[in-house]
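S.K.: For the record, the sequence lines run as chains A and B. Residue numbers for the first sequence follow the numbering used here, so the first one is 96 and each next one is one higher. Residue numbers for the second sequence follow the numbering used here, so the first one is 3 and each next one is one higher.
FYI, nobody ran anything at the bench for these hints, they're computed from the structure. One or more of the hints may lead you astray.
Here are the simulated distance ranges between beta carbons [as the list claims (entries may be wrong)]:
id	chain 1	residue 1	chain 2	residue 2	range
1	B	N26	A	G464	28 to 38 Å
2	B	I30	A	K206	24 to 34 Å
3	B	P52	A	A648	51 to 61 Å
4	A	L488	B	D92	43 to 53 Å
5	A	F107	B	I30	47 to 57 Å
6	B	I30	A	R134	41 to 51 Å
7	A	L636	B	K101	37 to 47 Å
8	B	P52	A	G464	53 to 63 Å
9	A	K562	B	D92	55 to 65 Å
10	A	K206	B	D92	17 to 27 Å
11	A	H558	B	G60	42 to 52 Å
12	A	G311	B	W86	29 to 39 Å
13	A	H558	B	G81	43 to 53 Å
14	B	A45	A	L583	45 to 55 Å
Every residue, glycine too, gets a C-beta built ideally from N, C-alpha and C.
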Amino acid sequence: MQQTTQTIIGQFNPTAVMFFLLFVITTLAITYWAAKRTRTTKDFYAAGRSITGFQNGLALAGDYMSAASFLGIAGLVSTKGYDGLIYSVGWLVGWPIIMFLISEPLRNLGKYTFADVVAYRLKQRPIRAAAAAGSLITVLFYLIAQMVGAGTLIKLMFGLPYEIAIIIVGALMIAYVLFGGMIATTWVQIIKAILLLGGATLLVILTMIQFGFSYGELFNQAEKLYTSKFLEPGGLITNPIDAFSLGLALMFGTAGLPHILMRFYTVPDAKEARKSVFYATGFIGYFYILTVTIGFGAAVLVGQKVIMSIDKGGNMAGPLLAEVLGGNLFLGFLSAVAFATILAVVSGLTLAGASAFSHDLYVGVIRHGVADEKEEVRIAKIATLGLGISAILLGILFKGQNVAFLVGLTFAIAASANFPALFMSIVWKRFTTKGAVASIYTGLFIATILIILSPTVWVDIIHGKEKKVIETQIKDLETQFNQKIEDLKQKGNLTETIISEEKIQFEAKKKELTSQMPKPIFPLKNPGIYSMAASFLIGILVSLMTREKDAEAKFEEEKIRTYMGIGAES
Amino acid sequence: MRKKKGINDILEDDDFKTLSRQKNRISIILTILELILYFGFIALIAFNKPLLSKKISGAITLGIPIAILTIIFSWILTGIYIKWANSNYDVLVKKVKEKIGG
Chain A
96 MQQTTQTIIG QFNPTAVMFF LLFVITTLAI TYWAAKRTRT TKDFYAAGRS
146 ITGFQNGLAL AGDYMSAASF LGIAGLVSTK GYDGLIYSVG WLVGWPIIMF
196 LISEPLRNLG KYTFADVVAY RLKQRPIRAA AAAGSLITVL FYLIAQMVGA
246 GTLIKLMFGL PYEIAIIIVG ALMIAYVLFG GMIATTWVQI IKAILLLGGA
296 TLLVILTMIQ FGFSYGELFN QAEKLYTSKF LEPGGLITNP IDAFSLGLAL
346 MFGTAGLPHI LMRFYTVPDA KEARKSVFYA TGFIGYFYIL TVTIGFGAAV
396 LVGQKVIMSI DKGGNMAGPL LAEVLGGNLF LGFLSAVAFA TILAVVSGLT
446 LAGASAFSHD LYVGVIRHGV ADEKEEVRIA KIATLGLGIS AILLGILFKG
496 QNVAFLVGLT FAIAASANFP ALFMSIVWKR FTTKGAVASI YTGLFIATIL
546 IILSPTVWVD IIHGKEKKVI ETQIKDLETQ FNQKIEDLKQ KGNLTETIIS
596 EEKIQFEAKK KELTSQMPKP IFPLKNPGIY SMAASFLIGI LVSLMTREKD
646 AEAKFEEEKI RTYMGIGAES
Chain B
3 MRKKKGINDI LEDDDFKTLS RQKNRISIIL TILELILYFG FIALIAFNKP
53 LLSKKISGAI TLGIPIAILT IIFSWILTGI YIKWANSNYD VLVKKVKEKI
103 GG
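Just chain A, same shape as in the assembly:
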């Protein structure tokens, strides 16, 4: 197999820029077209509810398939093998949950945001304030993670300086959302999803040609290069409770992401809403299977050494594979697709954040639910601008920071603050305003605090320096020990007793050093299991302690709407 070390990744790439400009021109033209159709709040937030189930399926997939999942999972598979595959499965399994529990009632009961559903029979102001807090924090954290990733990836692929990349992404995303609202955002999402699925499919076909379209051959060669360990579960899941906790956050977090939930209002009815989940799940599942193939293909055809020399995390596995198989042209195309992917995801997030701000916080809380359409659209646009500029500034501020934990935190908050309140408001008659508010804030605070006290933040970030110092000391100690044994061997006076004495000394020192390692206050990397449980528990307890007769009476009427869509927004 060819193991090219020559790559143009990281340099200015005119082909990539050309493809990217083509994408930008097309999407800006669509935005211009959409701007003329964006007058009312229904247009701005929900694309006039004119999107079909199939289109929305693509747009949902577009919202969900971030550059991090495309480049990151391929990279993880190429460097960690089977463990990367395990990770990719976790990202899909939330979708069926959305379909079975959320999609239809959400569409039937709400108007523009998921807070509409929670507030349907409860008191508007406290619910809207809490739900907006949950939405905005989820969106903001996810946005920071995406922006920092965007700057880093674009720098790698296009050779553009980090800050310039962030500003380009920020400016384009503001343009799409500000002028074209949901109509433009949806079509950007659809185009991106088609490009990404098409590009990944082509890359897989080119890869499989090399192996005579035989997965057996691909895996045989992977085994030859990296031993059979590469195709077995390794160290990713060591603590079952942690794995379970991550699984919960991924599953129910997906069903609590505001930018995903918002998409269900762009289709005409509940039937199209559930159809769109079926398509989205198919596209996303197909995409992850492709990504895994790309990861293994890159490990064999590009080689781990080359992949990791370009980027330690393996993020360039996909682009490198494209370069080996399709030359500069394909690399340029795929880089542009990755750029477009980032752009589409941050646009969706910005729109969701702006909606939470204008629809829930401004109209729902500040104006007590009374505001005309024009005013609401204007506030949403101001929020878009504010959010976009904040995203640019935060992206620059967090340059070079380890923000990977923010993605985990986003899902943990979505699963703990947004999902329980949404779910209980749909199914439980006795759910009260106080219960909902308590549930949302509990999920929000517990998820955030536990992440801060967890190994990922408390040890790796807050005490990262101390951890590194001790790690180097342990390494030095090991080298010293090996050196000593080697020396004794040379001198010829090496006996079993000496070795075991030395070893005991070494182990004791190592143990002492290890005990000085900073320890997490909360042992799990993923707080989902506790924060979700707490949110449900508090929501239930507080609801049982309070009583809301109005809300209970309204539940029966709500049931008719939940199940049959009578009176649903059209």
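Assemble the complex: chain A is given as a structure, and chain B must be docked to it using the hints.
M.R.: Chain B in isolation, oriented as in the chain A frame:
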């Protein structure tokens, strides 16, 4: 008052009761199946690594098709729900809507 009665009529309607009961049941069953599917996979990784590491053909380990099948079955479950909703649920909803004339 008339509206209130209308609501109660629908709530007491046998077809409405059937459709809400069926919808709840299938949602719960499919959700539980999805949970078993995914957390079963995670449990296998946590507690039975040797099984997943077993070679089934050449270098391919059993873990690889199991992971891919977890993805595919998740999608099939959404397909089952669609099939059920299109052929049962929508029909009942239409029937109840016709009864109440709207």
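S.K.: Hint by hint, where does the structure go against what was stated? Just the numbers, ascending.
M.R.: Those not satisfied: there are none.
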